[in-house]
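Chemist: What follows is the residue order along each chain.
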Amino acid sequence: MNKPLRRVAIFCGLLVLALLIRVNWVQFVQGDELKNDPHNRRVAIERYSTPRGNIIVDGKAITGSTTTDSGDFKYKRTYKNGKMWAPVTGYASQAFDANQLEKLNDGILSGTDDRLFFSRTVDMFTGSKQKGGNVVTTLDAKAQKAAFDGLGNQKGAVAAINPETGAILALASTPSYDPSTFAGMSNKDAEAYLALQKKKNPDEPMLNRALRQTYPPGSTFKVVTASAALENGLYDDVDSHTRSPLPYTLPDTSGIELKNEGNIPCKNATLREALRVSCNTVFGKISADLGNKKMMDEAEKFGFNNPGINTPVRASESIFPKDNRPQNAMAGIGQASNRATPLQMAMVASAVANGGKLMKPYMVDSLVAPNLNVVQQHTPQEMSQPLSPENAQKVQSIMETVVKSGTGTAAQLPGVTVGGKTGTAQHGENNKDNPYAWFISYAKTNKGTPVAVAVVIEGSDTLRDDIAGGRLAAPVAKDVMRAVLEGEK
Amino acid sequence: MSSSTTNTTTIGTIGAPSRRNTELAMLIFAVLIPVFAYVNVGLAKDGTVPAGVLGYSLGLGLLAGVAHLVVRKWAPYADPLMLPISTLLNGLGLIFIWRLDQEPSLGKAMAPNQLMWSTLGVAFFLAILIFLKDHRVLQRYTYISMVVALVLLVAPMFFPGVNGAKIWITIPGLGSLQPGEFAKIIIAIFFAGYLMVKRDALALASRRFMGLYLPRGRDLGPILVIWALSLMILVFETDLGTSLLFFGLFVVMLYVATERTSWIVFGLLLSAGGAVAVATFESHVQTRVHNWLNPLELLDGGVTETAQAMYSFGSGGILGSGLGQGYSRLILGIAPKSDYILATVGEEVGLAGLMAILLLYGLLIERGIRTALAARDPFGKLLAIGLSGAFALQVFVVAGGVTGLIPLTGMTMPFLAQGGSSVIANWALVAILLRISDTARRPAPAPAPSTDAEMTQVVRP
Chain A
1 MNKPLRRVAI FCGLLVLALL IRVNWVQFVQ GDELKNDPHN RRVAIERYST
51 PRGNIIVDGK AITGSTTTDS GDFKYKRTYK NGKMWAPVTG YASQAFDANQ
101 LEKLNDGILS GTDDRLFFSR TVDMFTGSKQ KGGNVVTTLD AKAQKAAFDG
151 LGNQKGAVAA INPETGAILA LASTPSYDPS TFAGMSNKDA EAYLALQKKK
201 NPDEPMLNRA LRQTYPPGST FKVVTASAAL ENGLYDDVDS HTRSPLPYTL
251 PDTSGIELKN EGNIPCKNAT LREALRVSCN TVFGKISADL GNKKMMDEAE
301 KFGFNNPGIN TPVRASESIF PKDNRPQNAM AGIGQASNRA TPLQMAMVAS
351 AVANGGKLMK PYMVDSLVAP NLNVVQQHTP QEMSQPLSPE NAQKVQSIME
401 TVVKSGTGTA AQLPGVTVGG KTGTAQHGEN NKDNPYAWFI SYAKTNKGTP
451 VAVAVVIEGS DTLRDDIAGG RLAAPVAKDV MRAVLEGEK
Chain B
1 MSSSTTNTTT IGTIGAPSRR NTELAMLIFA VLIPVFAYVN VGLAKDGTVP
51 AGVLGYSLGL GLLAGVAHLV VRKWAPYADP LMLPISTLLN GLGLIFIWRL
101 DQEPSLGKAM APNQLMWSTL GVAFFLAILI FLKDHRVLQR YTYISMVVAL
151 VLLVAPMFFP GVNGAKIWIT IPGLGSLQPG EFAKIIIAIF FAGYLMVKRD
201 ALALASRRFM GLYLPRGRDL GPILVIWALS LMILVFETDL GTSLLFFGLF
251 VVMLYVATER TSWIVFGLLL SAGGAVAVAT FESHVQTRVH NWLNPLELLD
301 GGVTETAQAM YSFGSGGILG SGLGQGYSRL ILGIAPKSDY ILATVGEEVG
351 LAGLMAILLL YGLLIERGIR TALAARDPFG KLLAIGLSGA FALQVFVVAG
401 GVTGLIPLTG MTMPFLAQGG SSVIANWALV AILLRISDTA RRPAPAPAPS
451 TDAEMTQVVR P
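Sequence lines, in order, name chains A and B. Using UniProt numbering, you'd call the opening residue of the first sequence number 1 and step up by one each time. Using UniProt numbering, you'd call the opening residue of the second sequence number 1 and step up by one each time.
Please note that the accuracy of each hint is not assured.
Below, computed lysine to aspartate or glutamate pairings styled on EDC-like, alpha-carbon distance capped at 16 Å [as the list claims (entries may be wrong)]:
#1 K45(B) x D72(A)
#2 K131(A) x D114(A)
#3 K45(B) x E103(B)
#4 K3(A) x E103(B)
#5 K145(A) x E486(A)
#6 K357(A) x D433(A)
If you're looking for bench data, these hints aren't it; they were derived computationally from the structure.
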């Protein structure tokens, strides 16, 4: 009976071998994947087992940590002026995970990132607890406050960029929420979180409107259309007359007229005059004359149709659509299926202000280890060149006219050259909903161009004409620009 | 031939050395390792050496010491590895259970009870070694064993199920009993006795058909009965583990007894057929298979036990989180201390520790099979392979189920897991194996001087 016995012995050996291979597979090959699975509660336990690193603005932390006695989790996130900073920080909640900067830089903040290996090893030997690193942002606290206060009780968003570097200076969205209210995991936190959800709160306070909401850009898009006209040689001189009829019939339609707001002098207007009073006819015709392809190319150079704009928080894709002729003409004045995020329109203003060069927008300047060593440092990057320097000068010149004597006079700042463009975007079927008031602008001093800004305010039900952007949004932009300029001095 | 004492048997007068001192040395390690583990858990959880450490060390040391002395006296030639390995596994199991007792979310403390059951298990072990002088005595109880085994297997059908499986007998006032654990030993005794008698008929009276030896119908009968019975257990008690163990054990013993590969083929065909048939209409089995194929699936938005176990293993990684520093308590319910105890092992002592424990099981199994190889009587061989095979299948089915290699079945990890029936039955199993190995390794008595030999050597002038 010994032969079958030996075979059974081999069989039993194989069973044990199979188990050994399996545990190697689970614990070694799949180990990291299982260990970091978002449903593995240990990830959260680990994340909240030490005080989290902070998000820094102007050298001061806008976040903090406090101890809790809620079961597995030792530390809880706190936020200073959470409502104002929520669009920047996102949230980190024991019960509801994290998002935006808190989520994207979780490794650094919780101290588990591989780049903190050295620091962790030192901690291990000195016996001190693992600490999180810090995320240093590019934001400007004064500009952010100006933006947040300027929006006030209205629904809207502000994005401000330094055109020369692409550094984001302000990122406000209202109505906002305080991430502190649901940072823990008690029932109260859950209630606070649920109350902020779209189902309970149609105002969507947790929506980051500056990065994640797209709006029809309205007349502010005429800056892009003017750039396209100049870049493609349709017109060379912003002060010579265009060939624009009034009324202007949309191409390929049986007499549908594109209207202007009010009775403004748009027949054969110069580009300067057309932008100053915001002629729909002139820019609609430019878009139609250039055609969908060339318009799309120019818009894409400004950052449209790019789903990967990471600041590092990803901005929603702004769309300049591929469309038929009449729709393309409408898209040229920022209507039809044309959609842009506030960040996108700030990028448009910043590219014009920066001599036609678009810098990649970013809001994390550096990642810093607990021992203050810089782990990662952002260097400004050029994203594209939508305008030649000469054409950029021309567009600047006409944008400055808008603020000097056009629809954007509300954004004037004494002693500073300001260029801007107003916009009021219609939306809803047959234009029944309240329009969006837009304003994009930049400010120049003799030292440079430190700020470009885009403001959008939803539901300005009092005003329906193109002046709305100038009345509602321009003052907010002005305050943000002033805050940045004061900081520059 | 020069000497009159040259023996004509294959067994030398000088048998294997007894190796009792080896056993003692290893037993010391087997006691020390769990004691260190105990201190480790205490330091990790509270920062102090736990108060019970002295009592625990003395208790475990005493049990191991008494067991060793009894083996030295009543089974002096027994295998030296089995007792230390069992002691180590049992000791570590106690530590893991005690460690899980520290988690309030896992219900009441179970380590004290487990210590009591372990003591009872060792007492049982000692009684078997002392009173069972020769394992061949068991051969007399072949048919009684069959009846007892059947009763034990069928009994749970009349008691309410726990966690979806009817594998318990509840005795009011005494607690509950898992008869399957005892049944595996008794069934091995029955099979060994039955097959020893029938092996020739089963092996030789067969027709050759397509390269296989087809047994006669009347010889095929018992295997079909066993197959049907194991299916019945599966259907009525929804106990995959026991039926697999029961059937696998029979096939292995049949194969060893008859040396015919065809039995294995029949066994595999029958078990595959049975498994498919049952899986098509038994929802309990379907759920297990589904969980096995989709271990990380969410159920009602929550993480399943299967997923929690996988997370435990993954989070343990290569070296583990350290004793007392894991979060296997996230696997809620009663299972963390029994079926899922390997998840705690995997998380807290890591891949390295888990492999060490699996190798300990492997070693124990192979020592059992070695005992079967060394045994001189067919009954001893069959019984030893049956017990080792049952043990091996159980380890494979539990560890494979918990780590997601095969669908999960409700069985306990021998020695490691919490459970009174299990620990007592496994100590008894080891005792019988030790008894067989003692008989096998014992030096043969010096052959009586052969009078014939003397006669032929005396050459008269």
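Chemist: None of the hints should be skipped; say for each whether it holds.
Modeler: Tested hints:
1. K45(B) x D72(A): holds (14 Å)
2. K131(A) x D114(A): Holds - the C-alpha atoms of D114(A) and K131(A) are around 13 Å apart, at most 16 Å.
3. K45(B) x E103(B): Holds, because 10 Å separates the two Cα atoms, which is no more than 16 Å.
4. K3(A) x E103(B): violated (50 Å)
5. K145(A) x E486(A): Answer holds: K145(A) to E486(A) is near 13 Å, not above 16 Å.
6. K357(A) x D433(A): Measuring from Cα to Cα gives roughly 36 Å; hence the hint is violated.
Of the numbered hints listed earlier, those contradicted by the structure are 4 and 6.
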